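Got chain A; can you put chain Y on it based on the hints?
First to last, the protein sequences are chains A and Y.
Residue 214 in my numbering is what sits at position 75 of the first sequence, and the numbering runs on without skipping anything.
Residue 221 in my numbering is what sits at position 82 of the second sequence, and the numbering runs on without skipping anything.
The hints are simulated quantities; they were obtained by calculation from the structure and are not laboratory data.
It cannot be assumed that every hint is accurate.
One copy or any two copies: either way a pair holds, since identical chains are not told apart in the list.
Distance condition first, Cα-Cα at most 20 Å in a straight line; then the derived DMTMM-like pairs of lysine to aspartate or glutamate [to be verified]: (1) K377 to E278; (2) K227 to E352; (3) K374 to E278; (4) K322 to D189; (5) K194 to E319; (6) K344 to D308; (7) K227 to E337; (8) K227 to D330.
Just so we're clear, the structure is a prediction, and the values are computed from it rather than from any experiment.
Protein chains: 2
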Amino acid sequence: MFEFLTQRRTIRNYSKQTIDTKLLQQILEAGAQSSNTGNMQAYSVVVTTDEDLKKQLSPAHFNQPMLMQAPVVLTFCADFNRITQWCKQRNAEPGYANFQSFMAAAVDAIIFAQTVAIAAETAGLGICYLGTTTYNAQEIIDTLQLPQLVVPVTTLTLGYPEITPAITDRLPLASVVHFETYKDFTPETIDALYLEKEELDFYKKFVADNNKETLAQVFTDVRYTKKNNEFFSEKFYKALEQQGFIQ
Amino acid sequence: MFEFLTQRRTIRNYSKQTIDTKLLQQILEAGAQSSNTGNMQAYSVVVTTDEDLKKQLSPAHFNQPMLMQAPVVLTFCADFNRITQWCKQRNAEPGYANFQSFMAAAVDAIIFAQTVAIAAETAGLGICYLGTTTYNAQEIIDTLQLPQLVVPVTTLTLGYPEITPAITDRLPLASVVHFETYKDFTPETIDALYLEKEELDFYKKFVADNNKETLAQVFTDVRYTKKNNEFFSEKFYKALEQQGFIQ
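Next up, chain A with everything else stripped away, as it sits in the complex (with noise of 0.2 Å):
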């Protein structure tokens, strides 16, 4: 029954097949669908096509080569403008620059792109989410000119797969599964879950090549360091600040 959601992956190479506008068109509209706060839709999404925004985008993503090869890029804003402006617009004293509205909104978004996501890889498309759109947060507003009480969450790269990979492995569901309450991991339980993926080649492979002694490390001192996380933290604070969400 969920074979559609089972046995999808990630696309990183799209072939040059554009996508049809009405098609586009009918895959937002199944993700406006989707569960948001209040039924006030407190979220945007950016259609980008053009090569030079793309290229523009490009750096804020670290130049990701699937941002240029996908014939879409969808950028997904938690967005409180619109609501702002039909607000004063209302003889309504909007109240949403504030970090509770951001987190709403952002929730908002992100449903919306998973659902999108999930919208497209029916239709037959893949996808890629790009992690980078809250590291360079300001570099995006300023490319795509998004208004105040608009910052963008994450980003969906969308085409048809040109490669289409294996299934990537994920870790035993009770890694992520608590039941009734948060049961804390022993030592024993973490080597447990994490036996199976350690020990797939892939993995091995992948710590070789970075020259490190455990999978872990690759997380810690290459990929996702403190030094970057603490630098892109204090980068999107400012952003927030920036577009009017923390005062």
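For chain Y alone, coordinates are given in the frame of chain A:
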């Protein structure tokens, strides 16, 4: 092709039928195949079915009745606890006690949640998101015994529909989609985009029932007030500090 997404509705009234454990596991497994940051899976879900625990959670969700009625309550968390423990056991220095890591983990958790929601709906279940999760995160943390670097970001109630309401209206797609760059609204476009919604009998009654002049005022004065948003902003920020995501 997208009927399973466009014909959905949020379900707030559940029958007494329980959810088969095997089905719930399949739904969660489908969710876990979704995209996530660097395949770290920086999320978790607490599955609550115990009546006493649901009662304890209830005030945090402002005693919304679907929480007690639903056979299953799923609390989705941004979670760097498991990863941090794994790093420490693997001679790796974790650097995830910061805001950017919280954002990455929150995005992971919500992508996971929305795939779980769609899987559940595909199986004939009904879902309702509880936005109250970020309002009273600290109370949920206490009840579910969430450790450091675990913060709840959204909640789903899950059960078989007792009452299936009409499909909820959405704004025209142009309200949430911008092409190439963000095209800010004029007063005229705002009026045009909200016209149909404001003319619905449902919302006219909603405005009258709340003794307000405009629909926007119901949002600003009753449902999502500036005062509450600011109060819950500070509260959520403190929960992030308490859990170690903000220093």
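Cross-check of the supplied hints:
1. K377 to E278: Within. Shortest intra-copy distance 12 Å satisfies the 20 Å Cα cut-off; inter-copy 28 Å does not.
2. K227 to E352: This pair counts as between: shortest inter-copy Cα distance 13 Å, intra-copy 58 Å.
3. K374 to E278: Classified as within: same-chain Cα gap 11 Å, cross-chain 30 Å, threshold 20 Å.
4. K322 to D189: Close across copies (15 Å), not inside one copy (49 Å); limit 20 Å.
5. K194 to E319: Between copies only: 12 Å across, 48 Å inside.
6. K344 to D308: Answer is within; shortest intra-copy Cα gap is 15 Å, inter-copy 51 Å.
7. K227 to E337: Only across copies: K227 and E337 sit 15 Å apart there, 55 Å inside one copy, limit 20 Å.
8. K227 to D330: Classified as between; 12 Å across copies, 56 Å inside a copy.
Every hint, counting from the list given before, is met by this structure.
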